[in-house]
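Student: Chain order of the listed sequences is A and B.
Using my numbering, the letters of the first sequence map in sequence onto residues 1 to 115.
Using my numbering, the letters of the second sequence map in sequence onto residues 1 to 115.
Among the hints, a few may not be true.
Since the list gives no way to pick one copy over another, a pair counts as held whenever it fits inside one copy or between any two copies.
[To be verified] Below, in silico cross-link-like pairs of lysine-lysine (DSS-like), each with a Cα-Cα straight-line distance of 30 Å or less:
#  : residue 1 : residue 2
1  : Lys105    : Lys68
2  : Lys84     : Lys38
3  : Lys84     : Lys25
4  : Lys54     : Lys68
5  : Lys105    : Lys38
6  : Lys105    : Lys71
7  : Lys71     : Lys38
8  : Lys68     : Lys38
9  : Lys84     : Lys54
10 : Lys39     : Lys105
11 : Lys25     : Lys39
12 : Lys105    : Lys84
13 : Lys54     : Lys38
14 : Lys54     : Lys105
The hints are simulated quantities; they were obtained by calculation from the structure and are not laboratory data.
2 protein chains.
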Amino acid sequence: MSTIQENANALEQSIRNSEEFNDLKAAYDAVMGDEIAKKMFDDFRNTQLELQQKQMQGIEITEEEVDKARKVVETVQQHEQISKLMDQEQRVNELINNISRTITKPLEELYGAEA
Amino acid sequence: MSTIQENANALEQSIRNSEEFNDLKAAYDAVMGDEIAKKMFDDFRNTQLELQQKQMQGIEITEEEVDKARKVVETVQQHEQISKLMDQEQRVNELINNISRTITKPLEELYGAEA
Ligand SMILES: [Ca+2]
Ligand SMILES: [Ca+2]
């Protein structure tokens, strides 16, 4: 195994053992274990995905769709467990973004402002 | 410093010291040190970036633009140093993609087929 792969494995293990990841897992399991919360969360994710795909395909998003998305967001934000899950997802995203910034430093330095 | 940050730093160092990265650096420096190659490579990158941005914005790409892009690609592929640089970029991209797959395993497992 290459040094890079060994170091990547060590990093993966430390992410797996981190408070951030384990808090996320607990929040995710809490939502998935609650039938109503799970349905609300799935609706929210599907709505987001649908809008993202339309944006990527350059399809115009109607006023009704924007309204619907806003209502779905408002609903899930008021649900304590889902709101907690979204906060934990945010924390893990930041963790992964920081790692990503660290390991792409050699490329950034090479390509300068372009990378 | 957290264990995660320490492991990310170790991984960053091993990328920086890798043959893949150092071959890329050598290929990049060779192109950047050659005025004609540099100009060809910049043209190629700018053409690609322009088309990508149009695609992302949902702007239709004309037949002339596709032809121009094809010609630019053909030209750079025939340039030995640029072609070498593109191969090394591909190798480093694969390296980074493998790392990325490794460190996002905990998330993939948590979210199952959705992530
Ligand atoms: Ca905690
Ligand atoms: Ca070599």
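Student: If a hint holds in the structure, say so; if it does not, say that too.
Tutor: How the hints compare with the structure:
With identical chains, the CA atoms of Lys105 and Lys68 are never at most 30 Å apart, being 41 Å at best within one copy and 33 Å at best between copies. Only within a single protomer do Lys84 and Lys38 lie at most 30 Å apart by alpha-carbon distance; the minimum there is 13 Å, versus 50 Å between protomers. For a Cα distance limit of 30 Å, the shortest separation of Lys84 from Lys25 inside one copy, 11 Å, qualifies, whereas the shortest one across copies, 44 Å, does not. Taking the closest pair of Cα atoms, Lys54 and Lys68 come within 30 Å of each other both inside a single copy (15 Å) and across two copies (29 Å).
Taking the closest pair of Cα atoms, Lys105 and Lys38 come within 30 Å of each other only across two copies (23 Å); inside a single copy the shortest separation is 39 Å, beyond that limit. For a Cα distance limit of 30 Å, the shortest separation of Lys105 from Lys71 qualifies neither inside one copy, at 40 Å, nor across copies, at 33 Å. For the identical chains of this complex, Lys71 and Lys38 are intra-copy neighbours only, at 17 Å inside a copy versus 51 Å across copies, given an alpha-carbon limit of 30 Å. With identical chains, the CA atoms of Lys68 and Lys38 are at most 30 Å apart within one copy only, with a shortest distance of 19 Å there and 50 Å across copies.
For the homomeric pair Lys84 and Lys54, the shortest alpha-carbon distance inside one copy (28 Å) is at most 30 Å, but the shortest distance between copies (38 Å) is not. When the C-alpha separation of Lys39 and Lys105 is checked against a cutoff of 30 Å, the pair qualifies only between copies, where the shortest distance is 25 Å, while the shortest distance within a copy is 41 Å. Taking the shortest Cα distances, Lys25 and Lys39 sit within 30 Å of each other inside one copy (18 Å), while across copies they are farther apart (50 Å). Only between protomers do Lys105 and Lys84 lie at most 30 Å apart by alpha-carbon distance; the minimum there is 22 Å, versus 32 Å within a single protomer.
For the identical chains of this complex, Lys54 and Lys38 are intra-copy neighbours only, at 24 Å inside a copy versus 38 Å across copies, given an alpha-carbon limit of 30 Å. Taking the shortest alpha-carbon separations for Lys54 and Lys105, only the inter-copy value of 28 Å comes in at or below 30 Å, while the best intra-copy value is 33 Å.
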